[in-house]
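J.: Assemble chain B onto chain A, guided by the hints.
These are the residues of each chain, in order.
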Amino acid sequence: MQGSVGLENIRVYLYIRGFDRETLFPFLAEFSDLSVTSTDGDYVCLSMKNETGKEEINHLREKMVEELYQDFVAFIEPNSPNFDTSLVVAIMPKLSAGVYKVTEIIPPVVLKNLTGVKQYLKDYYYWLCGIETIETALGFAEAGLNATKASQSLYMHRNTLNYRLDNFTKTTGIDIRTFAGAYALYLLYKS
Amino acid sequence: MATLSFRHIDKVYDNGVQAVFDFSLEVKDKEFIVFVGPSGCGKSTTLRMVAGLEEITNGELYINDILVNDVAPKDRDIAMVFQSYALYPHMTVYDNMAFGLKLRKMPKMEIEEKVKNAAAILGLEGYLDRKPKALSGGQRQRVALGRAIVRNAKVFLMDEPLSNLDAKLRVAMRAELIKLHEHLNNTTIYVTHDQIEAMTMATRIVVMKDGRIQQIGGPKEIYDNPNNMFVGGFIGTPAMNFLPGTVKKDGYFYGEGLKLLVPEEKVEMLQNLKFIGKPIMMGIRPEDLHDDKISFEKHPESRAKLTVDVSELLGAETNIHITIGDANIIAKVDARSDLRIGDPIELAFNMHKCHFFDPETEIRMTPDYVKPAQE
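Protein sequences appear in the order of chains A and B. Just so you know, the working numbering puts 33 at position 33 of the first sequence, and the rest follows in order with no gaps. Just so you know, the working numbering puts 1200 at position 200 of the second sequence, and the rest follows in order with no gaps.
For the record, the hints were derived by calculation from the structure and aren't laboratory data. Check each hint, because a few of them may be wrong.
[What the hints assert, rightly or not] Looking from chain B toward chain A, a few residues come up when the C-beta cut is under 7 Å (computed):
id, residue
1, L1053
2, P1073
3, K1074
4, M1080
5, F1082
6, G1100
7, L1103
[To be verified] Here are the simulated lysine-lysine pairs, DSSO-like style, with alpha carbons at most 30 Å apart:
id, chain 1, residue 1, chain 2, residue 2
8, B, K1102, A, K63
9, A, K63, B, K1154
10, B, K1030, A, K63
11, B, K1209, A, K54
12, A, K63, B, K1209
13, B, K1209, A, K112
Note that beta-carbon positions come from the ideal geometry of N, C-alpha and C, so glycine has one too.
Excised from the complex, chain A in its bound form (with noise of 0.2 Å):
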């Protein structure tokens, strides 16, 4: 299932069990600022704008609960190149309703053991980051989020691990320096 979006824009997948086509299109065309790039089964994509955060999801999630009665996992497609969201969209069935960014769909990846998708993750990081930055980002989660000890333990200039971790939470949408962020990472590569 791939939509086209414009560059200004995100892609958000919705997967809604069992819906109906004739209440639930009505209902999102209500809502001017998300359109409806493509369908496919329990699947909705949409394109949303980009400043679209998990708090308007949310609020179309409340809307939909209210109006349908149904709840549904969405999942915020990162802005990172060549991402292969259809690994995350296979899995949506398994998660709990809610939305989803990259940083929140790793911990149920790990935990409910979606070794596929973790490995996936794992390579793609990698790929997208290379090892050193990878590895620094583990050390400054490893030092409790502490940049002066992360780069005493690194043997690092701090400049340059502000610098690594600026690009790592860049290029990937996980804000390392918050728990959340923190965890998902370590919870990928340590567990």
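T.: Same frame as chain A, now just chain B:
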């Protein structure tokens, strides 16, 4: 008319995690039931099972005596009610209320009738052409409820609807919801982690922890007679004070630096339960500790000389924090601003109001208390 019957309901997720254990509850018509508990206690999961958004693993759920375990959410006569946030900003009040019915392709005349009826019930007749931004918070809330009323929902389900609001608006909305419930009399299940919301709104409260019901009862009953230490500590602000110690044969409670006379009937109960001389946990509410002369005279043998840790003047009252051994306790007394850290203070404990808990099971001891068999 709507009743609900939860019978031994369990929820086990695919990964084996059990979120709800043996949940049983009879909800009467027109009741306002509040599920309260800390994050992860299973309250939202239970609500989602009522809505049909989560499958019930074991047990049975009846709405109006009809088994609904396998009934589609839209056919359950329930409505999830979200507050002002769930209104469509670009639609008028009329369209907001009518939208769900239009999606179901209901004839226009019928929609108009239902919306006008709901507007009359809610006092919104004069606002049907307005957009949500032109309404007050309370009116928006009424529109949100109106959207549920037009669907003929028998049961309203609300999941932390006030959690995103600032403190002042939350208090106002709370009052608005109470008034609306008085007026509408719909059976309502309301989920919150805020015990003040539970106390002020509920007909009955269901206190949950770790997926298990801890106690079901009216707000006053739960406040006055908590089943266990968790309920005692969770319901009430500031929380109930807990002090470890022993009640001896002489009828006094001995704690760290404390000697307090226990009323005869409580001593007798502890004697019958064979807890005299054994470690015990005493629970007493902050408002049952007093610093006034009348109380000193009333409870001459339940007084203690202590030291102030912190004194918080809240306007009408003062919370005095005190450390006794390893326990931190709070006394809620009349407003006084003369206390400083380290000042000596004498408090009278109203032991008629205290509770005793078995420190092993944390269950409140009553004359018929029996220690549960170990699993």
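J.: Compare the structure with each hint and give your call.
T.: Each hint, compared with the structure:
1. L1053: holds, 5 Å
2. P1073: Given a least distance of 4 Å, the restraint on P1073 (chain B) holds.
3. K1074: holds, 4 Å
4. M1080: Holds - the Cβ of M1080 (chain B) comes within 7 Å of chain A, reaching about 5 Å at its closest.
5. F1082: holds, 5 Å
6. G1100: holds, 5 Å
7. L1103: Interface hint status for L1103 (chain B): holds (5 Å vs cutoff 7 Å).
8. B:K1102 - A:K63: The given pair, whose Cα atoms are some 15 Å apart, holds under the 30 Å limit.
9. A:K63 - B:K1154: holds, 19 Å
10. B:K1030 - A:K63: Since the Cα atoms of K1030 (chain B) and K63 (chain A) sit roughly 25 Å apart, the hinted pair holds (cutoff 30 Å).
11. B:K1209 - A:K54: holds, 28 Å
12. A:K63 - B:K1209: Within the cut-off at roughly 29 Å; holds.
13. B:K1209 - A:K112: holds, 25 Å
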